[in-house]
Amino acid sequence: MDYEIVIGLEVHCQLLTETKIFCGCSTNFGNPPNENTCPVCTGMPGALPVLNRKVVDFAVRAGLATNCDITQSSIFARKNYFYPDLPKGYQISQFELPVCVGGYLDIEVEGEQKRIGITRIHMEEDAGKLVHPEHEYGVSFVDYNRACVPLIEIVSEPDMRGAAEAVAYLKAMRNIMVYLEVCDGNMEEGSFRCDANISLRRWGAPEFGTRAELKNMNSFRNVQRAIEYEVERQRDILDGGGSVVQETRLWNVDRGISISMRGKEDAHDYRYFPDPDLLPIVIEDAWIDEVRENLPELPVARHQRFVADYGIPVVDADVLTADHNVADYFEAVVKLYAQPKAIANWIMVELMKFLNDDKISITKCPVTPQGLAELLGLIEDGTISGKIGKQVFAQMYSSADNDPRQIVENQGLAQMSDTGELISMVDEVLAASPDKVKEYQGGKTKMLGFFVGQIMKKSKGQANPQMVNELIKERIG
Amino acid sequence: MELYNDTLENLSQRLAKGEISALELTQSVLKRIAEVDGKIGSYITVDTEGALAQATAADIRLKSGENVTPLTGIPLGLKDLISTAGLQTTCASKMLVGYRPEYDATVVRRLREAGAVITGKLNMDEFAMGSSTENSALKKTCNPWNTGRVPGGSSGGSTAAVAAATAIATLGSDTGGSIRQPASFCGVVGMKPTYGRVSRYGLIAFASSLDQIGPVALTVADAALLLGVIAGHDERDSTSVNIPGANYYDNLKKDIKGLKIGVSQEYFSAGLDPEVETLVRKACGQLADVGALINEDVSLPHTDYAVAAYYLLATAEASSNLARYDGVKYGFRSDDADGLVDMYRKTRAQGFGDEVKRRIMLGTYALSSGYYDAYYRKAQQVRTLITRDFDKVFGDCDVIVAPVCPTPAFAFGEKIADPLAMYLSDILTIPVNLAGLPAISVPCGFTKSGLPVGLQIIAKPFAEETLLRVAWQYEQLAGWSGRRPELEKGAV
Ligand SMILES: [Zn+2]
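Residue numbers (the working numbering), protein chains in the order written: chain B, 1 to 477; chain H, 478 to 969.
Please keep in mind that the hints were generated in silico from the structure rather than gathered at the bench. It is possible that some hints are incorrect.
[What the hints assert, rightly or not] Pairs of lysine-lysine residues, derived as DSBU-like cross-links and limited to a Cα-Cα distance of at most 30 angstroms, are as follows:
#1 K390/B <-> K444/B
#2 K335/B <-> K359/B
#3 K129/B <-> K823/H
#4 K460/B <-> K473/B
#5 K114/B <-> K129/B
#6 K436/B <-> K446/B
#7 K806/H <-> K616/H
#8 K390/B <-> K341/B
#9 K353/B <-> K387/B
#10 K79/B <-> K823/H
#11 K473/B <-> K444/B
#12 K540/H <-> K508/H
#13 K734/H <-> K79/B
#14 K730/H <-> K869/H
#15 K516/H <-> K79/B
#16 K364/B <-> K54/B
#17 K823/H <-> K616/H
#18 K516/H <-> K617/H
#19 K264/B <-> K855/H
#20 K444/B <-> K460/B
#21 K335/B <-> K364/B
#22 K215/B <-> K806/H
#23 K571/H <-> K79/B
#24 K571/H <-> K129/B
#25 K129/B <-> K806/H
#26 K823/H <-> K264/B
#27 K855/H <-> K834/H
#28 K79/B <-> K215/B
#29 K264/B <-> K834/H
#30 K54/B <-> K129/B
#31 K855/H <-> K79/B
#32 K834/H <-> K806/H
The following block holds chain B by itself, in its conformation from the complex (with noise of 0.2 angstroms):
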């Protein structure tokens, strides 16, 4: 039987924000475990929490990019579990009144546009890690640097018709949340998450079916997967006239499958209430339009300018729009030499090449714009070669030397445009073949790339081609 689809997304961004999100410790990632912590991120008794407002300048953003309505008065709730990666024995988060509501995002699937629902994006804190030391068995660890990190958690409304879809909504939002600067945007290191709620209904059906939801896929590509699998497990339980059970399931990387976690019966009650501690966030319009004022340029409408006013491809306004670090890094370049297509092709071919071998971001790029300009500027005019820039370019990049003329003029590899001694050259050259510049004067007009290739060795690459052909031609023809 055929099924239509049901697909809702919850997006979990971790914020990038210099502090927690309800104490002073720093985010940063990857220090010693428990080393950025305090009374209040380990829930310590009668330890508070304090609002940092960065976070909801840093949500409001999240719903004004997502076309949202900003709640003026929001509240925090608690919600409540036992875990020890949870110091309090609950997750500040929000339940009635989530700081953002009803916005939605336009995504392209197969060439067709496409809205997609945001129910709502509300802010939490994230929770500890646990850490199971190889050789203890019975022994866990908690780390809790990660604990009371910010994060959105954005709901999507059961938009979505299939997996193909349910990417490209992930993979838009990714890229506004990086775009922000809201988020990181890195799924393997768990910045960017997302579950699925999956349902299967038959056509026209005017309910939804059950459904379960899917956790645990940490690549645009499991999530794919995820999808794809379980559409076809439900599909096999509806033919075989069976009934699909609410659950949430485990999606397996290595096996390729999902794994149910726990049951509709085994569900928490959270028991949401306010918090106590923290007062209702009162968001004025001026704060709203502060935000918005300083909301970058979205990457549609990047993407659309840079076709349109830099003429370039595409397919190119593709690539550099991906990222918007590499996007600014191109209009920095362009802004100091006005060859758009040059500059796109030198930044996808030879900078990314480095970069990704390297696996840095451009912002880390030891050839600054300035440095990649004057390149450009000395092909342009001559004075190297193409090949040559490339050979300037590496050791640019290797000693973050950016003085590309005086890497030129130390290592003499300015092409030779000093006509006299060309003429030279290319006289030494003719007057040692004379069979060859017979052959050529008898119609044999490739031997003038023998003759070239032989004046390019002489040079060692750096005697101007142009030039050499029109000498060879002037002496010969």
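Chain H with the ligand: place on chain B using the hints.
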């Protein structure tokens, strides 16, 4: 007179003048603790070494004359749910025996900065849940006026210590009457400030929206001096309010002529002990004699619903606040547990006392899915109505005068077996917490059998100055404050 018997107000002047030293005074109080606390049982922890060191430091400060505050060199005790860095803080629970906080509560930091001497930590009902201190898992505290009677609770250790002169003054905490009721039972002054006036940072929470730290002292002036140091905005507590306080002490003596005092009939209803009623009504008469205008025609119509609303809200918050005692990081952990869930179950089953467990269960139920609207949300609505009752009365009156507790101190065991009877003993103090108002208990006489009775004065939010002024004026007229029980005679 022994130094420990004097008031904070006098001692502070004597210290500043160099007539006595902080060390002498502290030694006097420590000696007193050694002599009588065996009989009263106020202290869970006496910090002799720390107190002597702080006294020595205070003397240096007093000698230099710099940075001297009214609390410099004054020995104070703290209810054992106020966090003290490095000094055991138990909440009178088996759960926290041996727990040494890594930080000072804001009030403790302020006391230390003022140069106060901290003598130790005082007994209470476990996690402040109770009205007699009988729920302490660690020790029994007796009423210094009659050791067969309870001191009240939950700050019973704090009030008994002041009455027995084992501290010059103390801090307690008041969630539903936990400072005022034991102050009434022990014949001392106990004040609950406006919610938000004193930082809760470091106060181990029972019910966060109701808890408030306050002073317990021999006289109103002493309480005013202590409040002056602990009150004030704290950026570590989001619910602390940034409203500057007046100089509570300096304004005490302004007269109260023409001040409007409301007396609500709902606070004199059935169940009120006739002796208590007589003493409180007499106090109203005395206030009228000095020019206050008594209005007996005010009404707080939702008073009857306060206890029910309180026991839903307070327990709901407590069920969440006490979730952190899970045996993972500090405090008690059951040693016969098999696996994580069993560790939680056994740790909490063995670590908490009956009343704490009863309230955690009540609160968990009130917040459960399907019951939230009927219990928690409804109780919040009642809370709003009670607050409006007070707002309305305060449209016409400056303060409200009432009994603190329907009865004087009761005997050990009298109510402990009947939780409901115990809960109802808070009926006259709870509405104040629900509305977040400041209120005080001032001694207003003794029953025929020699038990002290307190007069409750309630003021508008952040009107502590008026509250203390009325209390001080009454105290001057009545002269009940400062009396001491005769402990030596009956010493065991
Ligand atoms: Zn922290």
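Here is what the structure says about each hint:
At most 30 angstroms may separate the alpha-carbon atoms for a hinted pair to count; K390/B and K444/B exceed this at roughly 33 angstroms. Taken as a hint, the K335/B and K359/B pair is honoured in the structure, with Cα atoms around 27 angstroms apart against an allowance of 30 angstroms. For a cut-off of 30 angstroms, the pair hint linking K129/B to K823/H stands: about 24 angstroms separates their Cα positions. Annotation: proposed proximity of K460/B to K473/B holds, straight-line Cα distance about 21 angstroms (limit 30 angstroms).
At most 30 angstroms may separate the alpha-carbon atoms for a hinted pair to count; K114/B and K129/B exceed this at roughly 38 angstroms. Taken as a hint, the K436/B and K446/B pair is honoured in the structure, with Cα atoms around 11 angstroms apart against an allowance of 30 angstroms. Between K806/H and K616/H the alpha-carbon distance is near 25 angstroms, which keeps this suggested pair within the 30 angstroms criterion. Under the criterion of a C-alpha separation no larger than 30 angstroms, the hint pairing K390/B with K341/B is consistent with the structure, at around 17 angstroms.
Restraint check for K353/B and K387/B: satisfied, since their Cα atoms lie roughly 16 angstroms apart, inside the 30 angstroms limit. A threshold of 30 angstroms between alpha carbons decides the hint, and for K79/B with K823/H the separation of about 23 angstroms falls inside it, so the pair holds. As the CA atoms of K473/B and K444/B are separated by approximately 13 angstroms, the hinted pair is consistent with the 30 angstroms bound. About 24 angstroms separates the Cα atoms of K540/H and K508/H, which keeps this hinted pair within 30 angstroms; it holds.
For the given pair, K734/H sits about 52 angstroms from K79/B by alpha-carbon distance, which is inconsistent with the 30 angstroms threshold. Pair hint K730/H plus K869/H holds up; C-alpha atoms about 28 angstroms apart against a cutoff of 30 angstroms. Taking the CA atoms of K516/H and K79/B, the gap is about 45 angstroms. The hint is violated against a cut of 30 angstroms. Taking the CA atoms of K364/B and K54/B, the gap is near 25 angstroms; set against the 30 angstroms cutoff, the hint holds.
For the hint linking K823/H to K616/H, the alpha-carbon distance of about 23 angstroms falls within 30 angstroms, and the restraint holds. Simply put, K516/H and K617/H have alpha-carbon atoms about 10 angstroms apart, close enough for the 30 angstroms limit, and the pair holds. Only pairs whose Cα atoms come within 30 angstroms are accepted, and K264/B paired with K855/H is accepted, the gap being roughly 28 angstroms. Pair hint K444/B plus K460/B holds up; C-alpha atoms about 26 angstroms apart against a cutoff of 30 angstroms.
Pair hint K335/B plus K364/B holds up; C-alpha atoms about 20 angstroms apart against a cutoff of 30 angstroms. At most 30 angstroms may separate the alpha-carbon atoms for a hinted pair to count; K215/B and K806/H meet this at roughly 28 angstroms. Between K571/H and K79/B the CA atoms are separated by roughly 27 angstroms; this keeps the pair inside 30 angstroms, and the hint holds. With a C-alpha separation of about 28 angstroms, the suggested pair K571/H and K129/B falls inside the 30 angstroms cut-off, and the hint holds.
Under the criterion of a C-alpha separation no larger than 30 angstroms, the hint pairing K129/B with K806/H is consistent with the structure, at around 14 angstroms. Among the hinted pairs, K823/H with K264/B is consistent with the structure: their alpha-carbon atoms are about 26 angstroms apart, no more than 30 angstroms. With a C-alpha separation of about 23 angstroms, the suggested pair K855/H and K834/H falls inside the 30 angstroms cut-off, and the hint holds. Between the alpha carbons of K79/B and K215/B the distance comes to roughly 19 angstroms, so the proposed pair stays at or under 30 angstroms and holds.
Between K264/B and K834/H the alpha-carbon distance is near 27 angstroms, which keeps this suggested pair within the 30 angstroms criterion. Proximity of K54/B to K129/B is assessed by CA-CA distance (about 24 angstroms); at most 30 angstroms being required, the pair is judged to hold. Between the alpha carbons of K855/H and K79/B the distance comes to roughly 20 angstroms, so the proposed pair stays at or under 30 angstroms and holds. At roughly 20 angstroms between alpha-carbon atoms, K834/H and K806/H fall within 30 angstroms of each other, so this suggested pair holds.
Checked against the numbered hints above, the structure violates hints 1, 5, 13 and 15; every other hint is satisfied.
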